[in-house]
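Guided by the hints, dock chain B onto chain A, whose structure is given.
If you want the building blocks of each chain, they are given just below.
Protein chains: 2
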Amino acid sequence: MGRLTGGDPSLLRRINSAVVLRALRGTDRPPTLTFTDLVAATGLSRPTVEGVVDGLLETGLVTEAADEPGDTRRGRPARRFRFRAEAGHLLGVEIGAHRIATVLSDLTGHFVGTATRTVEETASADERLEQVRGTVSDVLRHGEVTRASLRAVGVGSPGTVQADGVVRLSTALPGWTGLPLADRLRRSFRCPVLVENDANAAVLGEHWKGAAVGSGDVVFVLAGLSPGAGSLIGGRLHRGFGGAAGEIGALHLLGREARPEHLLSTTGEPLHPLDEAAVARVFALASGGDEQAAEAVRRFGGRLLHDVAALVLALDPELVVIGGWAAGLDGVLEPLRTELARYCLHPPRVALSVLGDAAIPTGALRLALDHVEEQLFAVESAG
Amino acid sequence: MGRLTGGDPSLLRRINSAVVLRALRGTDRPPTLTFTDLVAATGLSRPTVEGVVDGLLETGLVTEAADEPGDTRRGRPARRFRFRAEAGHLLGVEIGAHRIATVLSDLTGHFVGTATRTVEETASADERLEQVRGTVSDVLRHGEVTRASLRAVGVGSPGTVQADGVVRLSTALPGWTGLPLADRLRRSFRCPVLVENDANAAVLGEHWKGAAVGSGDVVFVLAGLSPGAGSLIGGRLHRGFGGAAGEIGALHLLGREARPEHLLSTTGEPLHPLDEAAVARVFALASGGDEQAAEAVRRFGGRLLHDVAALVLALDPELVVIGGWAAGLDGVLEPLRTELARYCLHPPRVALSVLGDAAIPTGALRLALDHVEEQLFAVESAG
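As given, the protein sequences belong to chains A and B, one line each in that order. Each residue of the first sequence is one higher than the one before, starting from 1 at the first, in full-length UniProt numbering. Each residue of the second sequence is one higher than the one before, starting from 1 at the first, in full-length UniProt numbering.
Next comes chain A alone, as it looks inside the complex (with noise of 0.2 Å):
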């Protein structure tokens, strides 16, 4: 807690707000509490408490709850508050090379609804961009919720995002270096969007809700035909001084041999169209005993494990969760745990990603709940 020496009386009046406004969200499901419940709970005096409500329920951010049948008998019973989950919704986007994801939440971030519509490849940005228009409307429609009740928007997106939601470099999507992707978005909310690298936004998604619950120094390796990573250190999302950490696709570079055009050939060519499809060619012929294609897969493997173990050794995490499409290929996994625990001085745990496809558009709903606890809840922010 900030000093509260100098007596400013309205950042005292917030963050009595914030304490009472946690006490009431529980940490799971809010609870439903009188003025003596919150009284016990906040350590507030009892008229501070009442009027901290007064304001809240002014602000709908708290609601009284009806009375309980039971308590009629005693007379007039406790007034009893709970907090407005529904007052406010956040939004959660993906915004990819194939694809726009959205997962809709309250202020607790309980899901409400999900959307998701394909886009081109080849999509210039305008047209992307109307993409997650359309995505957005659909998952509002959905859940019944407006526009004007969204909080925030969190977004994540290939490439490297500066801090003030400019791409600085997407090789991945057509027209994205350079976009200033976070202005582009607010003009269709009148709410914050903040945007982050899809890897990042992904780490966040499994630390809240899938694999790495509970680790607070993780790597997600977006694992696809060059892989991205996003770290988690200390329970903090390591973005880098220039926003680029976890990059190491670009390690390949370096040996041009390890292309995955040519990683992935089963001809001595070049492999054209390079995609999602033909790789699950190369893979499927793999299983099916080609030997030119399980060499290929081979190769692709090798790549894969050389760039997380530079990740790991790099970083030395508690856990690898491997997430992207090439997560869920056949015989990607354990080369990968076993190849790192001979080569690493303290390897890493390593698993599969659980929240999968849901992994990048739930971290950016993440974000999006970062940012409003921080404005309702945060006794440090207030000042």
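Please keep in mind that the hints were generated in silico from the structure rather than gathered at the bench. Just to be clear, a hint being listed does not mean it is correct.
DEER-style ranges, computed between Cβ atoms [claimed, not checked]:
id : chain 1 : residue 1 : chain 2 : residue 2 : range
1  : A       : Glu276    : B       : Arg236    : 35 to 45 Å
2  : A       : His98     : B       : Ala341    : 24 to 34 Å
3  : B       : Ala378    : A       : Thr27     : 49 to 59 Å
4  : B       : Val354    : A       : Gly60     : 34 to 44 Å
5  : A       : Gly234    : B       : Ala341    : 25 to 35 Å
6  : A       : Asp183    : B       : Ala284    : 52 to 62 Å
7  : B       : Ala341    : A       : Gly268    : 26 to 36 Å
C-beta: ideal position from N, C-alpha, C; glycine also.
Just chain B now, with coordinates in the frame of chain A:
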């Protein structure tokens, strides 16, 4: 500052004492201050300051300064006090494969002496520790400092080191793996002994007095036959979950052709013996025009580039500092700079170590100084 409610008078005294001592230490050289100066500097009452100073005079951490000649004309001059930087000493020790190096400082971190001894790479742990004791005796004797004056000892040594000062794994030093190094050294000292990985110590040294002053996001690469690294993230040491962060040297194990004895061979046979002198000969041959040696140097540079690139892509630092003996070889730094700029999304600055051989003992000293400053001056830790 912590919450002062609850009224623990001894806690309050310790906090006030730390506040007064911090004012007396100053930021560079300790100033000489009157009671009036101290009241102004600390915001404490005059009686409180007087009581605290009396206590500090007793501990020997503060002394009363002699009257300044100019003051005598105006009756009794005000009493003046200064921090006794010489009231205690700190030691930084590098325990390396080839040498033991120590730095001795006063309580403000100003060096008062150094001493170095060579040691055989093949020396046993007991022989190496004997050389450590000898080097410590040398530096204390030359600095005319008693062993009892030491307040803390910091140590930097190859290998991953656990929080309890046990060496988890060191491939560089015989008998080092599993050694309870901090415990063994504590037998020689009556003060705390803090043990850290050598590259981790080096990054602290360069951040304090070398190439990384003012940079909080730094990777220090201890470039030798097998590079290791120490990293600061946001100004704090990143040790990793198991203390093995930055041990990037293991990466080459994934590609067997990249072992240094092959990399640096000029004959097709593994280079033997493989030591600094042999490597320096290969570099000298190369600059003399020998084609095979030049090719070997290119391979060695490529390996270093690859390891540094892996660290940079994983961590995205502001600055890379290249230290260790290989940093002194001609033609190591420039290709590294050029190639990192080509392949990294956000290329960091690349600088040579400023401290050179002194980086590890200086950083080890900084560890010891941090420990003592935490005890003497940190208001937060007084709780």
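Here's how the hints hold up against the structure:
| no. | hint | result |
| --- | --- | --- |
| 1 | A:Glu276 to B:Arg236: 35 to 45 Å | holds, 40 Å |
| 2 | A:His98 to B:Ala341: 24 to 34 Å | holds, 32 Å |
| 3 | B:Ala378 to A:Thr27: 49 to 59 Å | violated, 33 Å |
| 4 | B:Val354 to A:Gly60: 34 to 44 Å | violated, 59 Å |
| 5 | A:Gly234 to B:Ala341: 25 to 35 Å | holds, 31 Å |
| 6 | A:Asp183 to B:Ala284: 52 to 62 Å | holds, 57 Å |
| 7 | B:Ala341 to A:Gly268: 26 to 36 Å | holds, 33 Å |
Consistency with the previously given hints fails for numbers 3, 4, ordered from lowest to highest.
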